[in-house]
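S.K.: Keeping the supplied structure of chain A fixed, place chain B upon it in accordance with the hints.
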Amino acid sequence: MYGLQLVEHSDGTLKRGTVYVTLGRMEAKGFVESDEQALPPGGIGLPRRIYRLTSVGERVLRAWTALAHELAWEMKP
Amino acid sequence: MTRSTNGPRLPGTTLLKIARLVFDESMLSTVVQPTISDLQREVGEAGPNRVKRLRAQWRGYRAFWTLALVGPFASWHSSTGNGGAVAFPDAVARLAVASIVLTLVAVAGPFVGLWLGVMIATATLFAIVIHRWYQRHPSDLPSPPEPQKASPQINFSSTEVGGNIGGLIFAVGSVLIVAIGLPPVIWFLFVAIAAGCLLAWWLSHWHASHPNSGLPVNRIVWR
Chain A
16 MYGLQLVEHS DGTLKRGTVY VTLGRMEAKG FVESDEQALP PGGIGLPRRI YRLTSVGERV
76 LRAWTALAHE LAWEMKP
Chain B
-2 MTRSTNGPRL PGTTLLKIAR LVFDESMLST VVQPTISDLQ REVGEAGPNR VKRLRAQWRG
58 YRAFWTLALV GPFASWHSST GNGGAVAFPD AVARLAVASI VLTLVAVAGP FVGLWLGVMI
118 ATATLFAIVI HRWYQRHPSD LPSPPEPQKA SPQINFSSTE VGGNIGGLIF AVGSVLIVAI
178 GLPPVIWFLF VAIAAGCLLA WWLSHWHASH PNSGLPVNRI VWR
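Chains A and B are the protein sequences, given in the same order. Per the working numbering, the first sequence starts with residue 16, numbered consecutively. Per the working numbering, the second sequence starts with residue -2, numbered consecutively.
Just chain B, same shape as in the assembly:
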């Protein structure tokens, strides 16, 4: 409980909301909440004295923001196999990736030209959309029986894409990136769409005229 039902708002309530967005549960319970609890108790013990209250708030808020800076590096739970660093690995990773991409676009943009800048921005946007989609809808692809060795090369074919909306986003995004990046070959996009539709229509028609073809053989019926 961080707020009285009828009384004034407790100090640290907003900090706790921010912390819930950024830190994981372990970090919240062991580090963030005790720090905010100390702030609340100290402010409460300061009583009506305004100077004491302000001093207590200053110390408490300073402690929280120090903790916010230190927290990402406080990775003691990683040694216990608890899924990595205690402090918001996702948030740090997103911040790091966004910073790198924005810096690259800002630095390289004037040199590589507008089209390439737009292409990089579009690719980044689609990467984020695909990543978000697969986080919410994990792929049902079976995991490989043996752990794959990390390949130092960039292998586009090793990207796992399911036959679902995520796959469609991936396919459309890839085509759009190529189309934006290489406008002279945009005709290929339209030809590929027409050819794909034609092939889909032919496959559908063929399966309708051969309903049993391609299905697995039922050997029990043979007996």
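This is chain A alone, in the form it adopts within the complex:
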């Protein structure tokens, strides 16, 4: 996915002006990796950067989701 797709899928959680800064930080930590998408023949403009989750990122996401569920369960009245 590229940044604009993530923004559109986030329901307002991610902002266009900061999504690539966030992705850059995640890439520096090894959670995601990115490549520049090649332009189609005759295409003009800058190439898009496509991001993918790494295996480390997947494990962190699973752990974070499990922790969030655990905390939500603990917080239930």
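A hint or two may mislead.
[Stated by the list, open to error] Cross-link-like lysine to aspartate or glutamate pairs, in silico, EDC-like; alpha carbons within 20 angstroms at most:
(1) Lys49(B) / Glu23(A)
(2) Lys30(A) / Glu39(B)
(3) Lys49(B) / Glu39(B)
(4) Lys44(A) / Glu73(A)
(5) Lys30(A) / Glu42(A)
[Stated by the list, open to error] Have a look at the derived ranges for each label pair, beta carbon to beta carbon:
(6) Glu42(B) / Val75(A): 26 to 36 angstroms
(7) Gly27(A) / Leu113(B): 46 to 56 angstroms
(8) Val75(A) / Glu22(B): 24 to 34 angstroms
(9) Ala124(B) / Leu76(A): 49 to 59 angstroms
(10) Thr69(A) / Thr119(B): 47 to 57 angstroms
(11) Ser70(A) / Arg17(B): 27 to 37 angstroms
(12) Arg6(B) / Glu51(A): 15 to 25 angstroms
[Stated by the list, open to error] Rough simulated footprint, nothing fancy, chain B against chain A, three-plus residues with beta-carbon under 8 angstroms:
(13) 17 to 23
(14) 29 to 36
(15) 59 to 65
Hints in this document: simulated from the structure, not taken from any laboratory. Using N, Cα and C, we set each Cβ at its ideal position, and we do this for glycine too.
M.R.: Using the frame of chain A, we list chain B on its own:
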């Protein structure tokens, strides 16, 4: 590529030029260019509909300028030892220094008088000239074998100046600053220039009359 060869100018072309002046390569490739790419694609997908195009441009430009504000604080590469913050450390430093100096001159100028204001401005100008010169012509001075501990005091003698044009700028600038700041001792400047020229002439004359004096001894020839 940011511009078609025959078609209209792509949106974001000017932004990219501005960004190249301000941001470093890492920030450009990972953050700025994808943001501008999104702008270009979104405007392209809007088609001929003027309202859609304007909305896409508004969102894209707003994203860019948000990024320009956030970018200087996005310093994730500093943790990897990549030479500091991702976003234009030089530009931020220059802007900060210029702002501080201008504010100080503006605030303190009326209180300290015209001469001191001129002196501060001249000193700042010379500092910028020397800094620029050494950036383009790095000094060949050997680095100290051990890292020097930071000294809390202002030590003028610790300023490294090479025997080159940068050193000359430094020397002339220092003398001019003192001369502007302390007009009553300006006679000292002229006396020092005359004495320096006299000493240089005498040294030159002495070395011409004693060509081998002062050279390192060649022990191989002795054998």
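S.K.: So, against the hints stated earlier in the document, which numbers end up violated here?
M.R.: none
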